[in-house]
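The primary structure of each chain is shown beneath.
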Amino acid sequence: MFWNRRKTRVVEQESAPVWVEVLAPFSGRALTLADVPDPVFAQKMVGDGAAVDPASDTLVAPVSGTLTNLFPTGHAAGITTDEGLEILIHIGMDTVELKGEGFTPVARQGDRVTAGQPIIRMDLERLRSVAKSLVTPVVLTNPARVAALEPVASGDVVAGRDVLFRVQVRREADER
Amino acid sequence: MVEQTVTLNNRSGLHARPATLLVREAGKHPCNVWIRKGDKEVDAKSILGVMSLAVGRGETITVRADGSGEEAALKALVELIESGLGEA
Chain A
1 MFWNRRKTRV VEQESAPVWV EVLAPFSGRA LTLADVPDPV FAQKMVGDGA
51 AVDPASDTLV APVSGTLTNL FPTGHAAGIT TDEGLEILIH IGMDTVELKG
101 EGFTPVARQG DRVTAGQPII RMDLERLRSV AKSLVTPVVL TNPARVAALE
151 PVASGDVVAG RDVLFRVQVR READER
Chain B
1 MVEQTVTLNN RSGLHARPAT LLVREAGKHP CNVWIRKGDK EVDAKSILGV
51 MSLAVGRGET ITVRADGSGE EAALKALVEL IESGLGEA
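Chains A and B are the protein sequences, given in the same order.
Per full-length UniProt numbering: the first sequence = residues 1 to 176.
Per full-length UniProt numbering: the second sequence = residues 1 to 88.
Hints are computed from structural coordinates only; laboratory data are not their basis.
Since the structure is predicted, the reported quantities are computational estimates derived from the model, not experimental observations.
We put the beta carbon where it would ideally sit given N, CA and C, even for glycine.
Check the hints yourself; a few may be wrong.
Heads up, simulated DMTMM-like pairs for lysine to aspartate or glutamate below, C-alpha to C-alpha not over 20 Å straight-line [stated by the list, open to error]:
(1) A:LYS132 with A:ASP38
(2) A:LYS132 with A:GLU97
(3) A:LYS132 with B:GLU87
(4) B:LYS28 with A:ASP48
(5) B:LYS28 with B:ASP66
(6) A:LYS44 with B:GLU25
(7) A:LYS99 with B:GLU59
(8) B:LYS40 with A:ASP111
(9) A:LYS132 with A:ASP94
(10) A:LYS99 with B:GLU87
Computed, partial: chain B to chain A, Cβ under 8 Å [said to hold, decoys possible]:
(11) HIS15
(12) THR20
(13) ARG24
(14) VAL42
(15) ILE47
(16) MET51
(17) SER52
(18) SER68
(19) GLY69
Hey, can you work out the whole structure from these sequences and the hints?
Encoded structure:
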């Protein structure tokens, strides 16, 4: 009888939903994707998530994982979490055309990163004068792994501390 | 399995927006699709994968498709890339 109860409890623990918290990559103002001045992001074509209008100059990892993507121009980064979520952080709009001007990566593609760890430093003053927008979407690019996504933050957020949104990981029943 | 090599001629390489268009097109096809640059090959249905190739303007990539509808997938992707991925 005790065995049965114990087993049941373990099964319940194993089937508990796994949530991943995605932190603000910059300090600044939290926005919805609809506020991003680019239809590809605003219409969630790249993926669902949220955005920040940055007031700080260092992009920090919003989640722990592997830095699977650090674009050579330093304006975008992608992290794959241990749960298999792929998160893209894209600094500003049309910033690829700056060809790296104003962006200094401080991590390397392939690095293991911890949430809150600096990835890219930027020259905020210079970029404000040359970039069309610095609004930074943080989006999940593999929706097949997502069971639910809930926005958390609104208003002012602090980089690496405040949760921007949280994601429930979809279980892959046929895996393992 | 079919594959074709194509030169990327859009303005600023395979960054977020063109990569998204490419991945969305690849996702419409039931077969597996990959993009290769040099000796690195990635799943053409993954935005982070495609972006990680960091393909620049004028660089050559190979599209490979395998499975149901592979010919149609290859044709659609090559045409999309040749058209400049929305920013020729």
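Going down the list of hints, with the structure as the test:
1. A:LYS132 with A:ASP38: 11 Å, holds
2. A:LYS132 with A:GLU97: Roughly 10 Å separates the two Cα atoms, so the pair holds.
3. A:LYS132 with B:GLU87: Holds, at roughly 17 Å.
4. B:LYS28 with A:ASP48: Holds: LYS28 of chain B and ASP48 of chain A sit about 19 Å apart, inside 20 Å.
5. B:LYS28 with B:ASP66: 14 Å, holds
6. A:LYS44 with B:GLU25: Between LYS44 of chain A and GLU25 of chain B the Cα gap is close to 15 Å, so the pair holds against 20 Å.
7. A:LYS99 with B:GLU59: Distance ~16 Å between LYS99 of chain A and GLU59 of chain B Cα, so the pair holds.
8. B:LYS40 with A:ASP111: 18 Å, holds
9. A:LYS132 with A:ASP94: With Cα atoms ~7 Å apart, LYS132 of chain A and ASP94 of chain A stay inside 20 Å; holds.
10. A:LYS99 with B:GLU87: 16 Å, holds
11. HIS15: OK, holds: HIS15 of chain B within 8 Å of chain A, min 4 Å.
12. THR20: 5 Å, holds
13. ARG24: Because about 7 Å separates ARG24 of chain B from the closest Cβ in chain A, which is inside the 8 Å limit, the hint holds.
14. VAL42: VAL42 of chain B check fails; min Cβ-Cβ to chain A is 10 Å, beyond 8 Å.
15. ILE47: 4 Å, holds
16. MET51: 5 Å, holds
17. SER52: 4 Å, holds
18. SER68: Since chain A brings no Cβ nearer than about 19 Å to SER68 of chain B, farther than 8 Å, the hint is violated.
19. GLY69: 19 Å, violated
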